[in-house]
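Please construct the entire structure, taking both the sequences and the accompanying hints into account.
The lines below spell out each chain.
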Amino acid sequence: MKASIIRSYFVCLLISILAGCTSGSGSGDNPSNQQDNVLRLFNWNNYISQKTVERFEQMCQCRVTQDYYSDNEELLAKLAAGATGYDLLVPTGDAMDTLIRQGALRELDKSKIPNLKNIDPGYLKTKFDPDNRYSVPYANTITLLGFNREKITGLGLPTDSWAIIFEPEYLKKIKGRVTVLDSQRELLAAALKYLGYSAHDTDEAHWQQAKTLIIRAKPYWAAFNNTSYIRELAVGNLWVAHGYSNDMFQAAQDAKKTGRQFSIDFVIPKEGAVLSLDSMVLHRSGHRPDLAHRFINFMLEGENSAELTNLTGSGNPNLDARPHIHPEIIANPAIFPDAAQFSRLEMLEDINHTQRRLLSRIWTEIKLR
Amino acid sequence: MNRLRLTRWLVSLPPTLFLLLFFVVPSLLMIVTSFRYPGEFGGLAPLSVPATGLAEEGSGLYGLTLETYRFFFSDILYAEIFLKSFAVATATTLICLVMAYPVAMLIARSAKKYRNLMVLLVVLPFASNFLIRIYAWMIILGPESTFSHLINSVLDVLGLEPVMLLFSPFAVLVGTVYVHLPFMILPLYTNLEKHDPVLLDAAQDLGANRWQRFWRVTWPQSLPGVFSGSALVFIPVLGMFAIPDILGGTGDILIGNLIKDQFLGTRDWPFGSTLSIMLTLAVLSVAGLATWFARSRTASSN
Numbered sequence: 001m002k003a004s005i006i007r008s009y010f011v012c013l014l015i016s017i018l019a020g021c022t023s024g025s026g027s028g029d030n031p032s033n034q035q036d037n038v039l040r041l042f043n044w045n046n047y048i049s050q051k052t053v054e055r056f057e058q059m060c061q062c063r064v065t066q067d068y069y070s071d072n073e074e075l076l077a078k079l080a081a082g083a084t085g086y087d088l089l090v091p092t093g094d095a096m097d098t099l100i101r102q103g104a105l106r107e108l109d110k111s112k113i114p115n116l117k118n119i120d121p122g123y124l125k126t127k128f129d130p131d132n133r134y135s136v137p138y139a140n141t142i143t144l145l146g147f148n149r150e151k152i153t154g155l156g157l158p159t160d161s162w163a164i165i166f167e168p169e170y171l172k173k174i175k176g177r178v179t180v181l182d183s184q185r186e187l188l189a190a191a192l193k194y195l196g197y198s199a200h201d202t203d204e205a206h207w208q209q210a211k212t213l214i215i216r217a218k219p220y221w222a223a224f225n226n227t228s229y230i231r232e233l234a235v236g237n238l239w240v241a242h243g244y245s246n247d248m249f250q251a252a253q254d255a256k257k258t259g260r261q262f263s264i265d266f267v268i269p270k271e272g273a274v275l276s277l278d279s280m281v282l283h284r285s286g287h288r289p290d291l292a293h294r295f296i297n298f299m300l301e302g303e304n305s306a307e308l309t310n311l312t313g314s315g316n317p318n319l320d321a322r323p324h325i326h327p328e329i330i331a332n333p334a335i336f337p338d339a340a341q342f343s344r345l346e347m348l349e350d351i352n353h354t355q356r357r358l359l360s361r362i363w364t365e366i367k368l369r
Numbered sequence: 001m002n003r004l005r006l007t008r009w010l011v012s013l014p015p016t017l018f019l020l021l022f023f024v025v026p027s028l029l030m031i032v033t034s035f036r037y038p039g040e041f042g043g044l045a046p047l048s049v050p051a052t053g054l055a056e057e058g059s060g061l062y063g064l065t066l067e068t069y070r071f072f073f074s075d076i077l078y079a080e081i082f083l084k085s086f087a088v089a090t091a092t093t094l095i096c097l098v099m100a101y102p103v104a105m106l107i108a109r110s111a112k113k114y115r116n117l118m119v120l121l122v123v124l125p126f127a128s129n130f131l132i133r134i135y136a137w138m139i140i141l142g143p144e145s146t147f148s149h150l151i152n153s154v155l156d157v158l159g160l161e162p163v164m165l166l167f168s169p170f171a172v173l174v175g176t177v178y179v180h181l182p183f184m185i186l187p188l189y190t191n192l193e194k195h196d197p198v199l200l201d202a203a204q205d206l207g208a209n210r211w212q213r214f215w216r217v218t219w220p221q222s223l224p225g226v227f228s229g230s231a232l233v234f235i236p237v238l239g240m241f242a243i244p245d246i247l248g249g250t251g252d253i254l255i256g257n258l259i260k261d262q263f264l265g266t267r268d269w270p271f272g273s274t275l276s277i278m279l280t281l282a283v284l285s286v287a288g289l290a291t292w293f294a295r296s297r298t299a300s301s302n
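Chains as they are written, first to last, in UniProt numbering: chain A, 1 to 369; chain B, 1 to 302.
One or more hints might be untrue.
As the list claims (entries may be wrong) - With a Cα cut of at most 20 Å, we get these calculated EDC-like pairs of lysine to aspartate or glutamate:
1. B:K260 - A:E365
2. A:K257 - A:E150
3. A:K257 - B:E144
4. A:K173 - B:E144
5. A:K218 - B:E80
6. A:K127 - B:E40
7. B:K260 - A:D182
8. A:K175 - B:E144
9. A:K211 - B:E80
10. B:K260 - A:E74
11. A:K151 - B:E144
12. A:K256 - B:E144
13. B:K260 - A:D71
14. A:K175 - B:D156
15. A:K211 - B:D75
16. A:K173 - B:E161
17. B:K260 - A:E73
18. A:K172 - B:E161
19. B:K84 - A:E365
20. A:K78 - B:E40
21. A:K175 - B:E161
As the list claims (entries may be wrong) - Pairwise CB distance ranges, derived in the manner of DEER restraints:
22. A:Q209 - B:E144: 32 to 38 Å
23. B:E144 - A:Q355: 38 to 44 Å
24. A:E365 - B:S12: 44 to 50 Å
25. B:P102 - A:G196: 56 to 62 Å
26. A:K112 - B:I76: 56 to 62 Å
27. A:G82 - B:L64: 21 to 27 Å
28. A:Q209 - B:L121: 52 to 58 Å
29. B:H149 - A:G196: 39 to 45 Å
These are computed hints drawn from the structure, not numbers from a lab.
Fair warning: this is a prediction, and the values are worked out from it, not measured in the lab.
Backbone N, C-alpha and C define an ideal beta-carbon position, used for all residues, glycine too.
Below is the structure:
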């Protein structure tokens, strides 16, 4: 018996040398192998509290390893390029839609997730996954406007409308102090909302109208910017930025912590905005769906979920988390919008390849003009 | 004789393999990709209609097509981006040349014991990450920086409008020149170092003044260095996307940004490949022109 184990070990070693694979991935191929007690998470940068991770590790007697991405396209591109072995991903709606249609996700066993009841029903049954067969909401962000309160109120500019980034009459007072997202979909959605259309309108005439609006406003913008607006707002270089609510929260915190003479505010424009709901899903290539289910259930506990919001300022679809969230975050309508505001939020939907190519062409024209 | 041929063959084998593996094969892949349809989830649509019910998930388009080329040539927009990228690359190369030449000459003509130290100083910036150095420029050029205040107070004294340094074509040029300057200095230095000082003495003896000594002796000899330095600067700048992304303003899109967009945001691999092929063709024709120019020069001077 012993000899045969040793022999099989050597055979295994030989095979792994010949195949060039490591013993780690060898054992990982076997889902019943309890030695490999690791939950592999592929998540956004800074999208979970270290304390939460440690608590989960203690509870499950396992290890959590994390890899990070900074946008959905990066997630999709890495998975398309063959990244495997992740148990849990946290994509946004439209990217999740892609993953579902690709058949890349594993169905959830809801009997293992009793805490699903904590989720606000308003965030369940999304268009992308109507029966929540694959996904459980994790957190959400809103794409909105952040601004330097003292500067903007001092100039007497409106802060409750997209007009401030699209109308030259306002923009001329803040020329060079405005950035918008370097994202085709997000900027187009903002322009469409301002024009009174839906954020996922795909009518080409409306897109062209949005393009004209953007090109007219562009000379007043400093840049298209996805990340550094957080810092630039917090140090006072920028006065208005189009960006994500959790980033604005970060900027506001930074400005407060460094004792600036101004404060950063953020509001949902009255015309409506884009809501991004990030959900936990199981990737097919994961080896430990059991741990992943436990993790989902764990994250749905009010206290754990609240920790995320307290850290990042993300919106939280978990009703049980509310009592544990800092009161000033709960009170912020740009993070927890009221029913009227919520009804004006829309989620982006994936578009097909002809539309993508057309949008890219419009985008190129916007950048070049 | 036979042995010599074998050695030569052995020596040239690794670089040939390298080129084959990392230039020819990817280029061929790119050419094939450019004639295909994009897949719904990024990647490519299958070449033939899949046998099973998978068809519903795709765009319903299979096989090969000239679609991307038609799209590319259908309007002038993409040609404008190419022209713009060429203009930025040319400007960067010229500025680098003007800045690098005196530095290279200084190093080449200083005492031997200092040369290595000076070369080390030129390459020292490579010790820190490229992106971090570009982000550092964001701080230097930012509107609240000391440098910006200084420039704007000078402009104010002159009665001019204040300028925004960051997020402008100027910032992009600063970035590209800063990053690529060593690539111009080093080939120039290796060339200038080999010049025989006796030639300059001879020119002086024959009555040439300072300028004539430079223009008729040093400059023509340094042309190979100028060409290789220019190629090392021009070609990478042409495909650059990070610098305009970080330092550029609302109009600073280069061909590199457009290609990157096709593979990430737009998930349109075939069109991205078409753009890359056009870029490769453009680079090759520039390189070809430069070689032809250099060759005709040496031929005429002989």
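Results of checking the hints against the structure:
no. : hint                        : in the structure
1   : B:K260 - A:E365             : holds (16 Å)
2   : A:K257 - A:E150             : holds (17 Å)
3   : A:K257 - B:E144             : holds (19 Å)
4   : A:K173 - B:E144             : holds (18 Å)
5   : A:K218 - B:E80              : holds (19 Å)
6   : A:K127 - B:E40              : holds (19 Å)
7   : B:K260 - A:D182             : holds (13 Å)
8   : A:K175 - B:E144             : holds (15 Å)
9   : A:K211 - B:E80              : holds (18 Å)
10  : B:K260 - A:E74              : holds (12 Å)
11  : A:K151 - B:E144             : holds (15 Å)
12  : A:K256 - B:E144             : holds (18 Å)
13  : B:K260 - A:D71              : holds (14 Å)
14  : A:K175 - B:D156             : holds (18 Å)
15  : A:K211 - B:D75              : holds (17 Å)
16  : A:K173 - B:E161             : holds (15 Å)
17  : B:K260 - A:E73              : holds (12 Å)
18  : A:K172 - B:E161             : holds (15 Å)
19  : B:K84 - A:E365              : holds (13 Å)
20  : A:K78 - B:E40               : holds (16 Å)
21  : A:K175 - B:E161             : holds (13 Å)
22  : A:Q209 - B:E144: 32 to 38 Å : holds (36 Å)
23  : B:E144 - A:Q355: 38 to 44 Å : holds (41 Å)
24  : A:E365 - B:S12: 44 to 50 Å  : holds (47 Å)
25  : B:P102 - A:G196: 56 to 62 Å : holds (60 Å)
26  : A:K112 - B:I76: 56 to 62 Å  : holds (58 Å)
27  : A:G82 - B:L64: 21 to 27 Å   : holds (25 Å)
28  : A:Q209 - B:L121: 52 to 58 Å : holds (55 Å)
29  : B:H149 - A:G196: 39 to 45 Å : holds (43 Å)
Of the hints listed earlier, there is not a single one the structure fails to meet.
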